[in-house]
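One letter stands for each residue in the lines below.
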Amino acid sequence: MDKLILNVDHLTAYYDDLIALKDISITVKEGEIVAVIGANGSGKTTLLRSIIGLHTQKDGSITFNNELIKDLPSYKIVSMGIAYVMSEQALFPELTVEQNLRVGVITINKKEEIKKAFENVYSLFPILYQRKNQIAQSLSGGEQKMLAIAKALMMNPSLLLLDEPSLGLAPVIVSKVMEKLLEINKEGVALLLVDQNVQQALRISKHAYVLENGKIVKHGESSSLINDPLVKKAYLGR
Amino acid sequence: MEVFLQQVLNGITIGAVYSVIGVGFTLIFGIMRILNFAYGEFFMIATYIAFFAYKDFGIPLIFVLIIAMILLFCFGAITEKLIILPIRKKAKDWSAGVIMATLGLQVVLQSLALILGGGTFRGIASYLMGSLMIGPLIISYERLLILTISIFMLIATLLLINHTKLGLMMQAVAQNKEAAIVSGINPNKIYTISFGLSGLLVAVPGVLLMPILYAYPTVGQLPIMKAFAVTLLGGMGNIEGAIIGGFVLGIAEIFASAYISTLMKDGIAFAIMILVLIFYPSGLGQFIKRYKFSRSKI
Ligand SMILES: Nc1ncnc2c1ncn2[C@@H]1O[C@H](COP(=O)(O)OP(=O)(O)O)[C@@H](O)[C@H]1O
Ligand SMILES: [Mg+2]
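Protein chains in written order, with the working numbering: chain A, 1 to 238; chain B, 1 to 298.
With the rest of the complex left out, here is chain B (with noise of 0.2 Å):
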């Protein structure tokens, strides 16, 4: 009971950082209607800002991650008005061609990181040390603080989508473009908003996860590859649905790789979601009754 229970909580922990990736990834297709490829290298760049900041710098990581999260809104915010907006402008029906470009701007950022740091690992054992113990569950205090912070990111992207003007005009751009722009909204200033909110979300783990994945030209594919199975399991596009499946994703694999083999985890997490998406094409989300953002099956 106690070795489950604190597979649970383990769970949870790697859940929670699961379903931030997944919003900030799901996010983008929910307003868009595209895939952003080069998500997992906003991810790998927040691993080279976190190292050098915390490292080098020796900033403490709460300003760390601020910068982090400030300078990649910036980089989202930038890539959607330097390369997205551009092709958006020129193709009527430019889903195919934004995507084919993320797929580009992927491959560019990698060779970048390549060449200006080398293929060194850059990482940290640890910014934080202890455990707490609450009954027989044990959770180090680096675990407890990743926990924390992703549950406020995740509350605090719920609130500004369900209660701020910005998000009202997320969520209606989204349902409705032309309806939105006839209200007064420029659809162009939510997408690079949006872009930017992506890139912000996504700088958390990059930060956070500093002693796990270390800052490296390809770090960002392990991430790309959960925000896929995050978003499909929650329903592209569907907010709280990625929240559920970031947990869900977590705690399967944790349990799979307990009692199963630790070779299995990333197949059990998968053919979970394979299951999941036979029986319910549309996701885990479409036990939310109202989708926020799109409503469009995979």
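Chain A on its own, in the form it takes in the complex (with noise of 0.2 Å):
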């Protein structure tokens, strides 16, 4: 179970002359949820971007099960089992719920795992089964969401990135997105989070790190972060 799936080792990310992520060193174990939690800005988007191969601009080591990814090409990445939920536009607007799906098991050939990978998603998400016939972009906010998780379960991954779950969604959804990532991570899949939802990603995450400027000012167990006194003032406005 301690086991290192992911390990990011003095990243640096650039956007041309602009650094975005300085040295940045960051793991996660098999099965576990991490948080990297900061402001708008700081550099979560451009972290996952970078492990998932999206951004290119970077000097460092990502690695995946001891596997060197860092200049692989996404759709290589993918496939080793890490998926990438990314924070809006994360969908395919005009193909239905079930064809969205689809496209997540596009690379599969065999045809029982893929109707397993339909009957999983669907026992996780009933709704996306009533909806399946409907185009993704005339779902709620809420089942857009759902619907982008459930299209990076297809690939079966070992690892998921998710950026910003909670972002434009009603308190309401947002506690049942956490519910339901919760429900993920107990089947094994271990989850990367990043969120400016600082109370929700340390209440489900075992391990946080906070990410301020690109550069990593603070790591540590979540329970004990969500009472640290320079997340409470700058995060949780308490």
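Hints were generated in silico from the structure; no laboratory data involved. As the structure is a computational prediction, the values presented were derived from the model and not from experiment. For each residue, glycine too, the CB sits at the ideal point set by N, CA and C. Hints should not be assumed to be uniformly reliable.
To be verified - Partial list, derived from the structure: chain A residues whose beta carbon lies under 7 Å from chain B:
#, residue
1, Ser-74
2, Tyr-84
3, Ala-90
4, Phe-92
5, Val-103
What the hints assert, rightly or not - Across the chosen pairs, the derived CB separations fall in these ranges:
#, chain 1, residue 1, chain 2, residue 2, range
6, A, Pro-229, B, His-163, 53 to 61 Å
7, A, Gln-130, B, Cys-74, 43 to 51 Å
8, A, Tyr-129, B, Thr-164, 22 to 30 Å
9, A, Gln-137, B, Lys-165, 16 to 24 Å
10, A, Asn-156, B, Leu-128, 52 to 60 Å
11, A, Glu-98, B, Met-225, 37 to 45 Å
12, B, Gln-221, A, Ala-39, 54 to 62 Å
Once you've looked at the hints, go ahead and assemble the two chains, each given alone in its own frame, into the complex.
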């Protein structure tokens, strides 16, 4: 259970002259939930995009299950078992719910595996089954978020990267999404979650990192960070 | 009435050809957001292949068609890999650069054709004699063949896009490239295949119109004009729209030349296009509920 799956080591990321991440090191263990919290513009999205390979201007090392993935193209990285849920525009807006999910298993050829993935996802999100023939963009915000997560799960990942899963959702829906994430984690999927909703992120995660201006300024157990004076003051408004 | 029906039939035949030409052109815009200005030259290459294969080698027409489709698929795919991919890799905002490159390719291919083949028109009078009478209507076997194969190609394209794994991947890349990438799709592959399919589609009229549009270095100018018109009529990147647009254009042209003047043929057709765009800026395709590819306006 303590096996290290993701190891981000001394990662620096750029946008040409701008340094967005400075010498970041983060680890995720098998089946664990890790949160990265930080204000808008602190570099959370850049971190996830660097891991998944969508952001290529970077130095340092990123390994997944001891394999160096830093310079692989995204479509290869995802086939190794990392899935990514973007904060917005994660879906194919004109495809139906079912077609969106089918794209999630596009690289899988075995019929049985595909069937299992659908069953698994529909039992986790019954609402998506009800809406399976609806166009993705006609879903509500919460349903779209569920679909984005479900689409990523179709790939049967061992690590799920989530960019602001609570962004733009009503508080009731946020709690629902968080419950689903805990359920997913119970199935053994590790989560690396970045969020501005610090309270929720710290509540469901085991470990957390605090990102400020592209640097990690603090990390530790989420339960202790939630009581940390600095975190309280800066992010929890208390 | 009979004259009218005959005109409609003629319009549908030409319309089917325009639809095929338009679909091959709009497909690339829908998936890649670029215009391929060398599209007419893809057509031109097909006319040369058709002429030499059919006239000089005496290969039966149906095999000529298949050969041309395969060769143009390869030519499209190679164009993408050799010219467009390198530009896409270097520039982040590559639309303009790629469009300029296809403009350049257009001129290069025309010049090559002129150097290799000279300025001779190469064509044949007919590959199929005789006509079919349906009551008062008459359609030559040649036109019937053109109509049938064109409609077959349109149906095959729709089936490919809507009911195959490749089609789903094309839609995914077109609608949200990054989401497609993180689903494990290599968009470069999809772009290459799409360019190939575009070439394959335009090869069909390139071969079948052999008795009408002779092989000549600048023979591609007419088809690309039609491709533009059909694409705009149907809504940029909209496949179903292009199919409708092709038939609308074909029928409009026939009526314009029958009832007004053959001189007005192209003028009327484009006037209709402009009118449609004034009232429906995103083309006739906006009546289609779901866009498979791009939803961007002109
Ligand atoms: N495409 C881009 N081009 C240039 N700078 C960018 C780009 N995307 C993000 N940045 C910059 O990188 C920094 C980190 O951004 P981001 O990773 O999006 O932060 P977060 O997700 O925490 O809000 C910010 O200063 C932002 O302005
Ligand atoms: Mg962000």
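Now the hints, each set against the structure:
The closest approach between the C-beta of Ser-74 of chain A and any C-beta of chain B is roughly 5 Å, which is under the 7 Å cut-off, so the hint is satisfied. At a threshold of 7 Å, the smallest CB-CB gap from Tyr-84 of chain A to chain B is about 5 Å, leaving the interface hint in force. About 6 Å separates the beta-carbon of Ala-90 of chain A from the nearest beta-carbon of chain B, less than 7 Å, and the hint is met. The interface hint given for Phe-92 of chain A holds, since its Cβ lies 4 Å from the closest Cβ of chain B, which is under the 7 Å cut-off.
About 5 Å separates the beta-carbon of Val-103 of chain A from the nearest beta-carbon of chain B, less than 7 Å, and the hint is met. Distance hint check: the CB atoms of Pro-229 of chain A and His-163 of chain B are about 60 Å apart, consistent with the given range 53 to 61 Å. Checking the proposed 43 to 51 Å range against Gln-130 of chain A and Cys-74 of chain B shows it holds: the Cβ atoms sit about 46 Å from each other. Look at Tyr-129 of chain A against Thr-164 of chain B: about 24 Å separates their beta carbons, and that is inside 22 to 30 Å.
A hinted range of 16 to 24 Å holds for the C-beta pair Gln-137 of chain A and Lys-165 of chain B, which are about 23 Å apart. For the pair Asn-156 of chain A and Leu-128 of chain B, the supplied restraint of 52 to 60 Å holds, since their beta-carbon distance comes to about 55 Å. Roughly 40 Å separates the CB atoms of Glu-98 of chain A and Met-225 of chain B, a value that falls within the hinted 37 to 45 Å. Between Gln-221 of chain B and Ala-39 of chain A the CB atoms are about 57 Å apart, so this pair conforms to the stated range of 54 to 62 Å.
In this structure, every one of the numbered hints holds.
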